[in-house]
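Asker: Chain by chain, the residues:
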Amino acid sequence: MSGARRREEPPHAQQHALANGGGAGPRGSVWGKALRSDSAWHDKDEFLDVIYWFRQIIAIILGVIWGVVPLKGFVGIAIFCLINAGVLYLYFSSFQQIDEEEYGGTWELTKEGFMTSFALFLVVWIIFYTAIHYD
Amino acid sequence: MSSGCRGFVCCLISPPSFITSLLPLKYHFLPGGGACFRERGGGGGGTMSTMFADTLLIVFISVCTALLAEGITWVLVYRTDKYKRLKAEVEKQSKKLEKKKETITESAGRQQKKKIERQEEKLKNNNRDLSMVRMKSMFAIGFCFTALMGMFNSIFDGRVVAKLPFIPLSYIQGLSHRNLLGEDYTDCSFIFLYILCTMSIRQNIQKMLGLAPSRAATKQAGGFLGPPPQAGKFS
Numbered sequence: 001m002s003g004a005r006r007r008e009e010p011p012h013a014q015q016h017a018l019a020n021g022g023g024a025g026p027r028g029s030v031w032g033k034a035l036r037s038d039s040a041w042h043d044k045d046e047f048l049d050v051i052y053w054f055r056q057i058i059a060i061i062l063g064v065i066w067g068v069v070p071l072k073g074f075v076g077i078a079i080f081c082l083i084n085a086g087v088l089y090l091y092f093s094s095f096q097q098i099d100e101e102e103y104g105g106t107w108e109l110t111k112e113g114f115m116t117s118f119a120l121f122l123v124v125w126i127i128f129y130t131a132i133h134y135d
Numbered sequence: 001m002s003s004g005c006r007g008f009v010c011c012l013i014s015p016p017s018f019i020t021s022l023l024p025l026k027y028h029f030l031p032g033g034g035a036c037f038r039e040r041g042g043g044g045g046g047t048m049s050t051m052f053a054d055t056l057l058i059v060f061i062s063v064c065t066a067l068l069a070e071g072i073t074w075v076l077v078y079r080t081d082k083y084k085r086l087k088a089e090v091e092k093q094s095k096k097l098e099k100k101k102e103t104i105t106e107s108a109g110r111q112q113k114k115k116i117e118r119q120e121e122k123l124k125n126n127n128r129d130l131s132m133v134r135m136k137s138m139f140a141i142g143f144c145f146t147a148l149m150g151m152f153n154s155i156f157d158g159r160v161v162a163k164l165p166f167i168p169l170s171y172i173q174g175l176s177h178r179n180l181l182g183e184d185y186t187d188c189s190f191i192f193l194y195i196l197c198t199m200s201i202r203q204n205i206q207k208m209l210g211l212a213p214s215r216a217a218t219k220q221a222g223g224f225l226g227p228p229p230q231a232g233k234f235s
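These protein sequence lines map, in sequence, to chains A and B. The numbering of the first sequence is the UniProt record's numbering, which starts it at 1 and goes up by one. The numbering of the second sequence is the UniProt record's numbering, which starts it at 1 and goes up by one.
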């Protein structure tokens, strides 16, 4: 899938970012690009960072939900893996419409930050489960 | 002296005694709001169990040790000119090499391929030098952490610090149920929770502080299980 019709940052957004002294500008523009569909990602590392941090956020959210419900056993782990991989796959393939080959294939994008997010998910899950159901 | 003051003074005198001074205490909610640590058996208000206090303490210890490790590495390695120069060189060469590999075609001449091989060799040498520079901090961290782990293991020996919402696989139970009594494998030992916390917290701290090597550099050096998290500051 080519990036021929990538959505570029509108000029007024860039000027606004610069006018703000650039303090929140660059970060703001990356978040803006991450939340807009079909954005242009000239820096591959930038997009991989987006994938990484989205994975961590998903891990925290699912860890809290799983701990509160509670969802127990390996079913919880399996569902986490499916949701983590699935949501990010939909994000980069459908929402951002990335050419996976540019990043080394779907597997490279799928494993970006996965182990760290898995560990984070387990920690958050354990904390909330212990706090709510064994306190 | 109030328990809060006692904890603070203990922290200054000796970090281990600060930790042990917190362990026998229970966390009490005060009627007018706020909270404090009190000796066990103290009355009044709701109480947080010792187990959950241990859980939070281990997360806190993990954050502190991650920051300590990065601090030691910064002092010994990151702030040195040699490291900065080598890192910049490796990143520049990695990106250049990656771009060259992307543009090279099947019909590329032997000259071009030899040039790429030479660049790869140069990059490998720089990566090796970078690893040697980091070795200093690895020894220091290894030494510190061996001592710290010995201390924490003795402090938390035999204590159930959390409840696992799953039963770990049998070969992980040796770690998750280490030195714990009974056959309930949802009891979590200190070392298992600490390892999980370190895996998640340390890498995120490195990434947030921009202290990890770049993906291109790691790929060229050959990452373990794929490239680890990258130096990218979220800019």
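There could be a bad hint or two in this list.
Stated by the list, open to error - Listed below are the simulated EDC-like cross-link pairs for lysine to aspartate or glutamate, each with C-alpha atoms no more than 20 Å apart in a straight line:
id : chain 1 : residue 1 : chain 2 : residue 2
1  : B       : Lys99     : A       : Asp38
2  : B       : Lys95     : A       : Glu100
3  : B       : Lys115    : B       : Glu102
4  : B       : Lys114    : A       : Glu101
5  : A       : Lys72     : B       : Asp184
6  : B       : Lys95     : A       : Asp38
7  : B       : Lys92     : B       : Asp129
8  : B       : Lys95     : B       : Glu70
9  : B       : Lys82     : B       : Glu98
No lab work stands behind these hints, which were simulated from the structure alone.
Asker: All hints are to be evaluated individually against the structure, with a verdict given for each.
Answerer: Hint-by-hint comparison with the structure:
no.	hint	result
1	B:Lys99 x A:Asp38	24 Å, violated
2	B:Lys95 x A:Glu100	19 Å, holds
3	B:Lys115 x B:Glu102	14 Å, holds
4	B:Lys114 x A:Glu101	26 Å, violated
5	A:Lys72 x B:Asp184	15 Å, holds
6	B:Lys95 x A:Asp38	25 Å, violated
7	B:Lys92 x B:Asp129	15 Å, holds
8	B:Lys95 x B:Glu70	26 Å, violated
9	B:Lys82 x B:Glu98	24 Å, violated
This entry does not satisfy hints 1, 4, 6, 8 and 9, going by the numbered hints stated previously.
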